[in-house]
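Visitor: These are the residues of each chain, in order.
2 protein chains.
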Amino acid sequence: MTEKNKKAVVLLSGGLDSATTLAVARSKGFQCYGLTFRYGQRHRLEIEAAKRVSDFLGVIEHRIIDIDLAQFGGSALTDPSIEVPKDRVDLGNSGQIPPSYVPARNTIFLSCALAWAEVLEAFDIFIGVNATDYSGYPDCRAEFIVAFEKTANLATAAAIEGRGKFKIHTPIIKMSKSEIILTGTKLGVDYSMTHSCYDPDDEGRSCGRCDSCRLRLKGFAEAGLKDPIEYRMSNKE
Amino acid sequence: MTEKNKKAVVLLSGGLDSATTLAVARSKGFQCYGLTFRYGQRHRLEIEAAKRVSDFLGVIEHRIIDIDLAQFGGSALTDPSIEVPKDRVDLGNSGQIPPSYVPARNTIFLSCALAWAEVLEAFDIFIGVNATDYSGYPDCRAEFIVAFEKTANLATAAAIEGRGKFKIHTPIIKMSKSEIILTGTKLGVDYSMTHSCYDPDDEGRSCGRCDSCRLRLKGFAEAGLKDPIEYRMSNKE
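Chains X and Y, in that order, give the protein sequences. Going letter by letter, the first sequence gives residues 1 to 237 in my numbering. Going letter by letter, the second sequence gives residues 1 to 237 in my numbering.
Copies of one chain are not kept apart here, so a pair can be met inside one copy or by any two copies together.
In silico DMTMM-like cross-links for lysine to aspartate or glutamate, where the CA-CA straight-line distance does not exceed 25 Å:
no., residue 1, residue 2
1, K174, E161
2, K167, E143
3, K226, D87
4, K7, D68
5, K165, E3
6, K7, D79
7, K51, D68
8, K86, E161
9, K150, E161
10, K51, D66
11, K165, E149
12, K167, E149
13, K6, D55
14, K165, E143
15, K174, D90
In short, the hints are calculated from the structure, not lab data.
For reference, chain X alone in the conformation it holds in the complex (with noise of 0.2 Å):
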């Protein structure tokens, strides 16, 4: 199960998913290089949690790159004229993509993970999408991560004149948000570092009712521990 010196390409968000995703990387053995990106987001506190992260859990470099997602717009996460949602019922079980949904967010930072792994000739990236409990974005699917990777070895002349295969690992793709954190707490993860709210406020707290703190909230609760991050109201528990 180890990939001792393999480098690998991790995207860090800042959130529970990708600091869990990152720890799993580093148990296999990979050498890792963390990539986050300022995209426009609302919750800049984000950045300032993948440091943290990357940080406390060893990558070899950390790049934070710029790049506007706002001047696009269509999203509650890029354009504060569109509400973010609070206190939805049907967490990604509508059938309908949530308002927090990014356009192409996932393909545009994938490449961009490519990009940088051609270059280090890392072969391996990691992603943190999950599918489970999730808020029903499309790019968080298996289907669009198989589609990437064949796309990725297309697109690269590493792949095409044979200096490597591109995989995309994405380790908790299937777990439901309890099994992440459980998984992530006996790697060592310690979550307060982590930021997973859409709309914090001035003082970094966060809302605990958007998508990302009711399924944060939920997943702590069946995992039988406490979130220690804190909460504008008192914990939903």
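Starting from the known structure of chain X, arrange chain Y on it as the hints suggest.
Guide: Frame of chain X, contents of chain Y only:
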């Protein structure tokens, strides 16, 4: 053959191929949205060229996106320490991908085009890739485009929710450089507005010796036309 009032996103580099691609899209009746990247390329003149071309041929809007691919490096176009090859004999036929290849560039550009297209509800994306008179870049080939198109239709809410199916148009992919030039000339493209050189001098004059200049000059010669741009040396004919 007309697609009246349908919106399309057209990738514009400022070069000859993308100018011709825009002219083809316009001739089919598409309402075009031009997208250009300031990605840390040496030849920043191409952004000015993209502006001229989009003004001249007519777009609804022209957007320039910043994404610093020089942070990743790995290309003679983004890393000044890697030399731009000159006077290469086997243009695109050597089986070797030249150092002007930019890792994952077209994957990143198409991903961003997809993001904007989704927000615009434009299901048509045009890219001026060419796999005939070209430098051997893997992300200019039809296999890559087909794989990306499939990925796009799995990645996006608009596709998953059935609002449309994304199509990546590559109208010049099979044309020779001279066919591209003759097609554009017929459609009114003014090639004096375009910029192709990978290594222009401070006055913006093209070198005439890099792959891009040589393919361009060969194309004009084969088309029986004179290239209207200025070269550092006397025009090769």
